[in-house]
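Undergrad: With the sequences and hints as input, model every part of the structure.
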Amino acid sequence: MKLASAGRYGLLTVAGIISLAPLLWMVASSFKPGAAIISSPFDFDPGQLTLANFRSMLETIPIGTGFQNTAIVVVVKGALTMIFCPMAGFAFAKYAFVGKRVLFATVLTTLMLPTLVLLIPLLLEMSQLGWVSTFKALILPGAIDAFGVFWMRQVIMAIPDELLDAARVDGANELRIFASIVIPVIRPGLAALGVLTFINIYNDFVWPVVAVNDEQHQTLQVMLAALAQNIRSGQLGADWTSVWGQLLAASTVAAIPVLIVFVVLQRHLIKGVMAGSLKG
Amino acid sequence: MATLTEAATTRRSARPVRRRRVSAAPYLFVAPFILVFAAFSAYPILFALQLSFTNWHGAGALEIVGLANYQFLLTSPDFWQSMATSGALWLLVVPAQVLLALTIAVALRKARFRGLFSAALIAPFVTPLVAMAQVWIILFDKDFGAVNHGLTSLGLPAISWLTSGVWAKVTIALLVLWRTTGYAVILLMAGLSSIPSDVYEAARIDGAGAWHQFWSITVPLVTRTLSFVVVIGTLTVFQLFAEPYVVTGGGPFNETRTAGLYLYKHITNSDLGLGAANSMLLVVMVLALSIASIRLLRSREDS
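So the sequences go chain by chain: A and B.
According to my numbering, the first sequence is numbered sequentially starting from 1.
According to my numbering, the second sequence is numbered sequentially starting from 1.
Keep in mind that the hints were calculated from the coordinates and are not lab data.
A quick note: this is a predicted structure, and the numbers were derived from the prediction, not measured.
For glycine and all other residues, C-beta sits at the position ideal for the given N, C-alpha and C.
One or more of the hints may lead you astray.
Rough simulated footprint, nothing fancy, chain A against chain B, three-plus residues with beta-carbon under 8 angstroms [to be verified]:
| id | segment |
| --- | --- |
| 1 | 45-58 |
| 2 | 138-148 |
| 3 | 237-248 |
| 4 | 265-278 |
If you want a taste of the chain A side facing chain B, the calculated C-beta under 10 angstroms gives, among others [stated by the list, open to error]:
| id | residue |
| --- | --- |
| 5 | PHE44 |
| 6 | ALA146 |
| 7 | LEU224 |
TA: Below is the structure:
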C-alpha cells in the first residue's frame, strides 16, 4: 500500500514538474544574459540577472501595439460572448419556439467541424465586406461561439422552471428574468466560460494571422510569430545570443497576462473544463 | 405526488400565458447568436462547398470546374504527404495522450493536494501557443538547445530535433502532448468522479486486484469521456497549424507540413477553389477518424 502511494505521488510529481518546467525555464532564462542561455541552460545565477533581453526586444517589435490590439479584441469579443451566449442558451433551455430543434441540431453539428474549414470562405467574406485588416474581422467571426451557447444551455436547464414562473407571476418581463434571476444563478458557470473565453481569444492565432496583413492591427500572437519567422529567415542576424534572449523575453511578456488570470481563476477554469466534458 | 400535480398544473396554466406574452422573447434572445452564426459559420461553410467546385483565385466570376479540384488533390503527392504527416502526428499524439492522461487521472483521483496538481497539469494549456512554440525552438535546438545539452551531459547522443524529418515530427508531437495532456487529465477526472465508489468496494470484496479493477471497471465506465478525449485530440491534430508554422515552418523538406499548413499554402498561393476542396476533404477525414475511434472504443464497452 505504501509502495502504491509512493508510486502515485512520484508519478504526479514528475508530471507536474514536466508541465511547469518549460514555463519556469522560459521566465528564468529571459532574465539571463544571452550568452549564458546558450552556454549553461540549466544554471541560474541571481547575480547575473539582467533586463537586457527585454530592452532589445522592445526595440525590435512594437509589442505595445500588439498588446493594445489584443486587449481590444479580448474585451469586445469577450463581452459579446459573455452577454449573448447565455442569452441564446436561455432561449434554447427554457422556451419553445419555431425552428428550435433544427437550429439546435445545426449548432451541435458545427461543434464537430474543424474550424480550419472556415478559413478560406471567411477570408473571402471579409474581403467582400472590405473588412480585411480591421478590428471587425478580428472580433465578429468566432464571437458568440456555438460551444458557449451549448454550454450555457446545459447550465440554464438546471434552473427550476418554478423560479422563473414565480417571477413572471410577480410581473417581471422576460429580459428582467434573464438579468436578475438567470444570470445570478449561473454565475459559477459564467465565470468558467469567462476564463475559457479569455484564454481562447488571447491565444488565438490562425484567424488573426490570416485576417490581418498590416502591422497596425497585428495581435500579440501574430507579432510573436513574425519575430520567430524573422529569426528563422535570418533577418535579425545570426547572433543567437541576442536573438534567443529577445525571443524568450517576448514570450515571457506574452505569457504574463494569461498566467495571472490563470493563477487567480484556475479553479473556475478546471470546473469549466470538467463541465465541458459533458459534451461527450 | 402533490408536487407532481402541482408542476403539471403550473405547466399547463403557464403555457397559454407564455404564448400570449412571450412570443417575441425567445427570438430576441437567440437573434444575436443566429445572426453571427449565420453570417460567419453557416454561410462560409456553404460558400466553401460551392467554391470547392470552382477554380477561383480571388477575383472575377466563379467558373465551375466540377470535381477537378478534388481529382487534383486526390492524385497530388503533396496532398497525401500532408495527410500522412497529420496521420503520423495523430499516431504520435493521440494513443500516448490517452494512456498518459488516464494513468495520471487515476493517480490523481485519490491523491491529496489534488487542486495543486491539477493546476500544475493544466498550466501548459493556458500558455500562449506561439510563445511556447518559440520556447520549443530554443529548447530543442540541435547545437545550443537545453534538451540536447541535457542528453549529452548524460552521455547520450545529441538529436537533430528540428532538422530531421522524423525527429521534427516528434518535437511537434511533444509540444502538443505537453500542452494538451493536462486538459485531457481534467476531462477524465470529471469522467472518473462520476463512477460511484461502491462499485470499487464491491469489486474489492470480490477479490479484484488494482489492475483488474482498472481494466474491468474504470476503463469501461469512462469510455464516453475517453472517446471525447480522442475526438478532441483528432480535431486538434488535424487542425495543427501554429505549432508547425512557428517551430519548423513545415520543414525540413515539407516533412512537417501538416494538413492545416498545406491548406494555408493554398491561401498564400490564391488557389482558393483548391483550398476549399482541401477543406472539405479535411472535414471528411476528421469526421471519419472521429467516428472510427468512437466505434473502436465503444466496442470495448459492449464486450
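Undergrad: State for each hint whether it applies.
TA: Hints, one by one, checked against the model:
Counting residues of the segment 45-58 of chain B whose C-beta lies closer than 8 angstroms to any C-beta of chain A gives 5; at least three are required, and the coverage claim holds. Chain A is given as covering the segment 138-148 of chain B, and this holds because 5 residues of the stretch bring a CB closer than 8 angstroms to a CB of that chain, at least three being needed. Check on the segment 237-248 of chain B: 6 of its residues sit with their Cβ under 8 angstroms from a Cβ of chain A, so the three-residue criterion for coverage holds. Note: the segment 265-278 of chain B has 5 residues with beta-carbon separation from chain A under 8 angstroms; the three-residue rule is met and the coverage holds.
The beta carbon of A:PHE44 is not positioned within 10 angstroms of any beta carbon in chain B (closest approach about 12 angstroms), and the interface hint is therefore violated. Annotation: A:ALA146 was flagged as interfacial toward chain B, and the flag holds, the nearest CB pair being 7 angstroms apart, inside 10 angstroms. Interface restraint check: A:LEU224 against chain B, minimum CB-CB distance 5 angstroms, threshold 10 angstroms, status holds.
In this structure, only the earlier hint numbered 5 is contradicted, and the remaining ones agree with it.
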